[in-house]
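K.L.:
One letter stands for each residue in the lines below.
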Amino acid sequence: MISASNPNSMMSSSSTTGNNNAAGSGQQAPGLKTYFKTPEGRYKLKYEKSHPAGLLHYAHGKSVTQVTLAHLKDKPVHALSSSSSSIGISSGVKSAAAKFLGGGNGSRALSFVGGNGGSKSSSGTTKVGSLSSSYTNSYTPNSNFDGKGTYLIFNVGDAIFISDLNSQDKDPIKSINFSTSNPISHAFDPDAKDGHDLLIGLNSGDVYSVSLRQQLQDGGKKLVGAQHYNKDGCVNNTRCTSISWVPNGDGTFIVAHADGNMYVYEKNKDGSGDPSFPVIKDQNQFSVSHARYSKNPIARWHICQGSINSIAFSSDGAYIAIVGRDGYLRVFDFKTEQLICGGKSYYGALLCCTWSMDGKYILTGGEDDLVQVWSMEERKIVAWGEGHSSWVSGVAFDSYWSAPNSDGTSENVVYRFGSVGQDTQVLLWDLEMEELVVPMRRAPGGSPTMSTGSQSAHWDHAWPPGTLRPAPSMRDVPKLSPLVVHRVHTDPLSGLIFTQESVLTVCREGHIKIWARPTSSTEPNSDSSLSATTLKEKPRLGYRQ
Amino acid sequence: MGAAGSKLEKALGDQFPEGERYFGLENFGNTCYCNSVLQALYFCVPFREQLLEYYSSNKSFADAEENLLTCLADLFTQITSQKKKTGVIAPKRFVQRLKKQNEIFRSYMHQDAHEFLNYLLNELVDILEKESRAAKSDPESCSSSEQIPNGIKTSHMNGHVREPLITWVHKNFQGILTNETRCLRCETVTARDETFLDLSLDIEQNTSITSCLKNFSSTETLNAEDKFFCDKCCSLQEAQKRMKIKKPPQILVIHLKRFKYIEQLGRYKKLSYRVVFPLELKLSNTVEDTDAEYSLFAVVVHVGSGPNHGHYVSLVKSHNHWLFFDDENVEMIDESAVQTFFGSAQEYSSNTDHGYILFYERVDVGNTS
Chain C
23 MISASNPNSM
33 MSSSSTTGNN
43 NAAGSGQQAP
53 GLKTYFKTPE
63 GRYKLKYEKS
73 HPAGLLHYAH
83 GKSVTQVTLA
93 HLKDKPVHAL
103 SSSSSSIGIS
113 SGVKSAAAKF
123 LGGGNGSRAL
133 SFVGGNGGSK
143 SSSGTTKVGS
153 LSSSYTNSYT
163 PNSNFDGKGT
173 YLIFNVGDAI
183 FISDLNSQDK
193 DPIKSINFST
203 SNPISHAFDP
213 DAKDGHDLLI
223 GLNSGDVYSV
233 SLRQQLQDGG
243 KKLVGAQHYN
253 KDGCVNNTRC
263 TSISWVPNGD
273 GTFIVAHADG
283 NMYVYEKNKD
293 GSGDPSFPVI
303 KDQNQFSVSH
313 ARYSKNPIAR
323 WHICQGSINS
333 IAFSSDGAYI
343 AIVGRDGYLR
353 VFDFKTEQLI
363 CGGKSYYGAL
373 LCCTWSMDGK
383 YILTGGEDDL
393 VQVWSMEERK
403 IVAWGEGHSS
413 WVSGVAFDSY
423 WSAPNSDGTS
433 ENVVYRFGSV
443 GQDTQVLLWD
453 LEMEELVVPM
463 RRAPGGSPTM
473 STGSQSAHWD
483 HAWPPGTLRP
493 APSMRDVPKL
503 SPLVVHRVHT
513 DPLSGLIFTQ
523 ESVLTVCREG
533 HIKIWARPTS
543 STEPNSDSSL
553 SATTLKEKPR
563 LGYRQ
Chain G
37 MGAAGSKLEK
47 ALGDQFPEGE
57 RYFGLENFGN
67 TCYCNSVLQA
77 LYFCVPFREQ
87 LLEYYSSNKS
97 FADAEENLLT
107 CLADLFTQIT
117 SQKKKTGVIA
127 PKRFVQRLKK
137 QNEIFRSYMH
147 QDAHEFLNYL
157 LNELVDILEK
167 ESRAAKSDPE
177 SCSSSEQIPN
187 GIKTSHMNGH
197 VREPLITWVH
207 KNFQGILTNE
217 TRCLRCETVT
227 ARDETFLDLS
237 LDIEQNTSIT
247 SCLKNFSSTE
257 TLNAEDKFFC
267 DKCCSLQEAQ
277 KRMKIKKPPQ
287 ILVIHLKRFK
297 YIEQLGRYKK
307 LSYRVVFPLE
317 LKLSNTVEDT
327 DAEYSLFAVV
337 VHVGSGPNHG
347 HYVSLVKSHN
357 HWLFFDDENV
367 EMIDESAVQT
377 FFGSAQEYSS
387 NTDHGYILFY
397 ERVDVGNTS
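These protein sequence lines map, in sequence, to chains C and G. What the first sequence shows, in my numbering, is residues 23 to 567, in sequence order. What the second sequence shows, in my numbering, is residues 37 to 405, in sequence order.
Looking at chain C on its own, in the form it has when it is part of the complex:
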């Protein structure tokens, strides 16, 4: 059943959104509330996105759903040819896509895992004051389809689905099937110069770059106009675990693999040759090799033994944070290819990482159930968020949020961030650096000596640059408590994204929930103006001045 072409689908979905979205495949389980409270008000479940029910492939479950938010800008696309026949087929799709134009302005395109692509978000936020999605309900069937809008790109089984973020349709407007291998990771660049803005990495190691707009215009179920890299895993045949555009990188992108290698590609370069990188002698040793000829991939970075699980660029593209199976966070200067700093988790692998917009903090989450806050200034873990009862699978800063009474002059900056875990919960946190206190070093057994273990004794000391810190001891790191703990899905979660209007949560099985931010009900127009000021106040400094 493809309900994108079902004329009744819009009607039926809009009638259910008022109350509880009883979902077909992802049943609203008893005990799952449709709102959660924060100090600034209630976040309400606005609607859900999913894949058509019954589309569970045999391979389903092996791959975990990730979501990428893609903001397609309003720009002419004459360069792309689309046959008239394909327009005819996809007309239903188009009108659905065009329905809520203008909503989601200012949403930064950020990949779930990487948090990349948010570099030039100011270009997307300029229109914020003029349009507010809640009031653009006018249906414009004749609008010229140019793909403009905000889309959710997510993988389930062997398919990539694309949903219109601002439509209430639960079902995606487009699906792309990959017969050979499951898509695992994806990333979107809102500022791509040529058409290719979407990257897709597969379980087989293969990588594609395509134009999202072209996919939306095409009526078929196959990838169209794709550039294929690492064909049949010829360079690396291990799982493509994380993929990211380099911010301001002029079409450069990074692909991380399950064997601890990471490759640098340039999308305008040929990818057919054999770059033949030297054999890695020591799996535990970091090394970078450049391709001898100007071919893709242009460089290989060997990061660590075991899988790389997530990569994230600082918003200015200067630094890349990498986490993986060995439990280390590593921060590299991307240009100089130097390790800047890093450290070990409390224990177990790290699964996700993201940067604060100002580049001062990195969040990581992992198998120790902790959300780690890493300070780039202090080059160490400055806080552990305790509150998940299983592995932390997604972390994100809420760059649209600012402290309720902050006037922009206060010294004490508060960061809001969120995390999701395999415990099916989303947690929201406030990080206020001045309130963090290093726990008292109580001596066990009443002995007053400072006989802390070898790890913790030197843990606080300055650490030489370019080296990795060992795991801190439990009692050395200040703890954060969550502001909100809310169970949002019945399945373990895999990620979250903050947008201007909402928080998105996604579970491993491919169900997405969109939680609308609190609105002040007394002033219906305050919504847009408030958010505009919020953005102004938020410091958007590059890390390097």
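Hints were generated in silico from the structure; no laboratory data involved. There may be inaccurate statements among the hints.
Calculated lysine to aspartate or glutamate pairs in the EDC-like style (CA-CA distance at most 16 Å, straight line) [to be verified]:
#1 Lys293/G x Glu240/G
#2 Lys215/C x Glu288/C
#3 Lys84/C x Glu371/G
#4 Lys250/G x Glu408/C
#5 Lys366/C x Glu316/G
#6 Lys84/C x Asp389/G
#7 Lys305/G x Glu240/G
#8 Lys84/C x Asp370/G
Listed next, the stretches of chain C that the computed footprint assigns to chain G, with coverage defined by at least 3 CB atoms under 8 Å from CB atoms of chain G [stated by the list, open to error]:
#9 365–372
#10 388–395
#11 438–451
#12 502–514
We treat Cβ as the ideally placed atom computed from N, Cα and C, and that holds for glycine.
Position chain G relative to chain C; hints supplied.
P.N.:
Okay, now just chain G, sitting in the frame of chain C:
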């Protein structure tokens, strides 16, 4: 034979660990509970080595009488001394001995792997204590009679109790829990030590082992009908109780309580909950100063939807490779495949392979003595 064996050898190629043997164990009709645990114990290298060492240096006793210890040592010796690197072995004598000795395991019914592990370890301890007593009884014979039964002992906080016999089984598996009870009236803390060979943890849906361990040692209030008799107040009082790990064991065995008695049903039910377990773990709720660090090396997996039927297999890490043991069959698996044994996030699922007993080995050698 050897079709499967050579396949494994091929898979490992020149990475086949020197001197290591990977042998499947024959199933004598529902003896998979036994096979899966035996494989986990065999690949618990310090345990294997100490068993073989003890056996070879105490041959004189062993010759005298057959018991579970000699049968286990024979089986392990049989595996290690195989010419071939892979194959199948029939643990016939061990299983016969087990059935002879304990009627629970005599039937062809589906048995509980944890119950078997527990029985085996306690039996080994008993045998070792008996032998040590016999050895000592030549010069002086009286005082060792009040040995602790089954390795469970209680000792008082202060006064030095005579050191109980610490066997090499204890050295591997035994940890000490402190049960701290604080009387809410007089604030007196009563601490009671308990030894354990494994930790049995209550589980909840979509949680982690870390979280289950946290719940295990979380503070519990004793009140209403469950008050605590405070020695100082000489009466029943409300109190707060918590469990701390006083001495983390060298080998941490975690048993997930997947088989739960449901009163309404009047029977046991299998909990298929998804409980994630990391390859590395730390115990932070210890009395010790440093956090004890562990690495996962074996998982006994229960396959099936109910408590009274099903199958057991085990996953074992040997020389940085993960192996899958299913009775006779041995296969190499990727480390990431361990994740497929976490359990089901939804109650009704086709996935019925669930991690049941986890074996972690302590890695921070420097901190123990």
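K.L.:
Is the Cα-Cα distance between Lys84/C and Asp389/G 16 Å or less?
P.N.:
The given pair, whose Cα atoms are some 15 Å apart, holds under the 16 Å limit.
K.L.:
Regarding the pair Lys305/G and Glu240/G, is the alpha-carbon distance no greater than 16 Å?
P.N.:
14 Å, holds
K.L.:
Mind checking the alpha carbons of Lys84/C and Glu371/G for me, to see if they're no more than 16 Å apart?
P.N.:
14 Å, holds
K.L.:
Run the distance test for Lys84/C versus Asp370/G: straight-line Cα separation, threshold 16 Å.
P.N.:
Satisfied, since the Cα-Cα distance of roughly 14 Å is no more than 16 Å.
K.L.:
Three residues or more, CB to CB closer than 8 Å: is that satisfied between the segment 438–451 of chain C and chain G?
P.N.:
Satisfied; 3 residues make the cut.
K.L.:
Checking one constraint from the list: CA of Lys293/G to CA of Glu240/G, max 16 Å. Satisfied?
P.N.:
This hinted pair holds, its Cα atoms lying about 10 Å apart.
K.L.:
With a cut-off of 8 Å between beta carbons, are at least three residues of the segment 365–372 of chain C near chain G?
P.N.:
holds (count 4)
K.L.:
Next pair to validate is Lys366/C with Glu316/G; report whether the Cα-Cα distance is within 16 Å.
P.N.:
12 Å, holds
K.L.:
Count residues of the segment 388–395 of chain C with a Cβ under 8 Å from any Cβ of chain G, then say if the count reaches three.
P.N.:
holds (count 3)
K.L.:
Hint check: Lys215/C vs Glu288/C, CA-CA at most 16 Å. Holds or violated?
P.N.:
13 Å, holds
K.L.:
Between the alpha carbons of Lys250/G and Glu408/C, is the straight-line distance 16 Å or under?
P.N.:
Judged against 16 Å, a Cα distance of about 12 Å means the pair holds.
K.L.:
In terms of beta carbon proximity below 8 Å, does the segment 502–514 of chain C have 3 or more residues touching chain G?
P.N.:
Held - the segment 502–514 of chain C has 3 residues with a Cβ nearer than 8 Å to chain G, which meets the minimum of three.
The structure is consistent with each of the numbered hints, conforming to all of them.
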